[in-house]
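**Q** Below, each chain spelled out in residue letters.
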Amino acid sequence: MAGILVYALHDDEGNFNKNSLGALSEAAKLAGELGTEAAAIVVGDVSDDGAAGLGKYGVTKVYRAKNVPEGLAQPIVDAMAKVIQDNGYTYALFGGGLLGFEIGAGLTARLGAGVTMEVTKVKVDGGKLVSERPILQDSKIADVGYVSEPGIIIGRLNAFDVVEGSGTAEVVDVDVELSEWSTKAEMITRGEQRGADVDIEAADILIGGGRGLGSADGFKDCEELAGAFDNGAVAATRAVVDAGWYPYAAQIGQTGKTVAPKLYLAVGVSGAIQHKVGMQNSENIVAINKDANAPIFEFSDLGIVGDLNKIMPKLTEAIKAKKG
Amino acid sequence: MKICVLVKDVPDAAVQKRIDPGTMRLDRSGENTLNPFDTHAIEAAMQLKEGGELQVDEIVAVTMGTDTAARALQKAVALGADRSVHLSDASLAGSDVCATGLALAKVLESESPDLVLLGQQSDDGECYTIGAVVADHLKMPSLTQVIDMKVDGDKIRCERQAEYGYDTVALALPAVISVGDAINEPRYPSLKAIMGAKKKPLDSKSAGDVGIDAGQVGEAGSQTTVLALNDPPQKEAGEIIEDEDTAETVEKIVAWLEERKLI
Ligand SMILES: Cc1cc2nc3c(=O)[nH]c(=O)nc-3n(C[C@H](O)[C@H](O)[C@H](O)COP(=O)(O)OP(=O)(O)OC[C@H]3O[C@@H](n4cnc5c(N)ncnc54)[C@H](O)[C@@H]3O)c2cc1C
Ligand SMILES: Cc1cc2nc3c(=O)[nH]c(=O)nc-3n(C[C@H](O)[C@H](O)[C@H](O)COP(=O)(O)OP(=O)(O)OC[C@H]3O[C@@H](n4cnc5c(N)ncnc54)[C@H](O)[C@@H]3O)c2cc1C
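Read top to bottom, the protein sequences are chains W and D.
The first sequence begins at 102 in my numbering and counts up one residue at a time.
The second sequence begins at 194 in my numbering and counts up one residue at a time.
Please keep in mind that the hints were generated in silico from the structure rather than gathered at the bench.
Misleading hints may appear alongside valid ones.
[Claimed, not checked] Some but not every residue of chain W turned toward chain D, in silico, with C-beta under 10 Å: (1) Lys-130; (2) Leu-173; (3) Gly-207; (4) Gly-213; (5) Gly-252; (6) Val-273; (7) Gly-292; (8) Asn-382.
In this text, a Cβ means the ideal position worked out from N, Cα and C, and glycines have one as well.
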């Protein structure tokens, strides 16, 4: 049997990841076009209802590997390789994020399979799937096909829309024998929130701060600028969150939040793909960057080539003055 | 113990990267350099060695690439590696992730490392996947995007950001770890180190030397095929202001924002 197998990631409370749900919906749509079915695989502690409920997104079957822990890639590679081999799935699909990259890569090695990543669209051509894979900083899009089965498709964050209908899936429990090396990584803590629990999702105006701010102090200027607007808040890149300059809760991008405010004003942000995917749907994008070749200017509505240290304080003053 | 660091030769940042429409491969004819993300992996290896909690006897830089990759290896040695291994063979040309991962695993196997370090991504292919591919072939535990490593007895305790926040994971050695660029600030090589790099041993290996079956690598072993190359949908170009007179620049920004009722 041909078919598409999708990994559905969940948090410690059992909530499924939005990007995984998007991947389920996409797989169901593609399976329809291929004349086959889509299935999901979940690991760890997932209730009967939780698993069957994935049927809402169009999958007919959900494999559940209770003895496989969630959160680390290699045990999940064991589970997916088994389900693919036992049932003849011809594609494995992952929503955007991080774990999907590691699991997809592991399957590539285990099954000698072709892999594409950062995929923004999947199409059906001659009874096979073809991935649209943006390359070279999104300057080109490669159409990539698979020479053998299965093909591994790792989606870009937010590439696949969640389509929710009705229906329940059949839950099939599978027993997976873990590879020896899959048991040699141990999760000590998962999903630790670093820094204050700031709320950026309700803001109309976001000031996105990056490494160009030079230090944690630079974020004070960002907060002042955000405060000059009505309903403004401050967001951040992974680079500055990893450096401990700003809280993780404010991070935008692949392993952070996705936002679409009225204005996203990026200061000292290069515009890496992993950041772009979390904010590219903002209504207006303005960027201040001293490097005229920074990728962010490729997707800004207004770009200012200059030193943020000179521009930001004056801009804050000017906006405050306007509002009187 | 022995640490192998995977390093890649990539087009220099100043080169406008392009795909050769004839071969559908990256045009590598311009100036090349050591993948900047890999300098963090070398630095991480150096810090483990200097930290003294692990007895690191040797750091070996390993690459797969054409002749020019020898220069990337030299740079890696200048940054601290003790010697280097260069896997180069016509049969490897056109390898995708599946084939590259297998070839790198084979050359690594011939070195029997206790720890393999690599960068978070290459600056050209940007596939983010080689670490996990290599790990599965080597049957070692692995983690990617690691921004902190601490020696904890016979394990390495790693931190990295994943979907829900920061994860802390302990890996038993031998292991494969890809490091994120926030893990450290790579040092600059000293003039002495740069001069000395040419004298450090460089082993050139062919595919056959490390037991790679030519049918499993290169175009023959690749499981993906590029069918077409297209331009992305054209987006209207944004307005650009060069900041010369900051008062004037700020006035323009404010006017732009006001026009869109954002103030
Ligand atoms: C698997 C994975 C997941 C990731 N997830 C995320 C994510 O969720 N979110 C995210 O943001 N990133 C993520 N990244 C990281 C991403 O690739 C980039 O490294 C990161 O976004 C860069 O942050 P930055 O723009 O702050 O820093 P940099 O790329 O260092 O950019 C700093 C910019 O500041 C400019 N600058 C410097 N000084 C000044 C000045 N005085 N005035 C004006 N401009 C100045 C520079 O020209 C430069 O363009 C991820 C990466 C990977 C591999
Ligand atoms: C624009 C472009 C797009 C591509 N897209 C795909 C694709 O969708 N699917 C696919 O299967 N292949 C693809 N390839 C081919 C792929 O990039 C190569 O097989 C490559 O050698 C491995 O991927 P990477 O360098 O991007 O790896 P990454 O996983 O991004 O690299 C991570 C780390 O692995 C190490 N590393 C990677 N390559 C080597 C090497 N040759 N020698 C030593 N260390 C190395 C480095 O430490 C590096 O930091 C693409 C190539 C290009 C140029």
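**Q** Hint by hint, which ones does this structure get wrong, listed from lowest number up?
**A** 1, 6, 8
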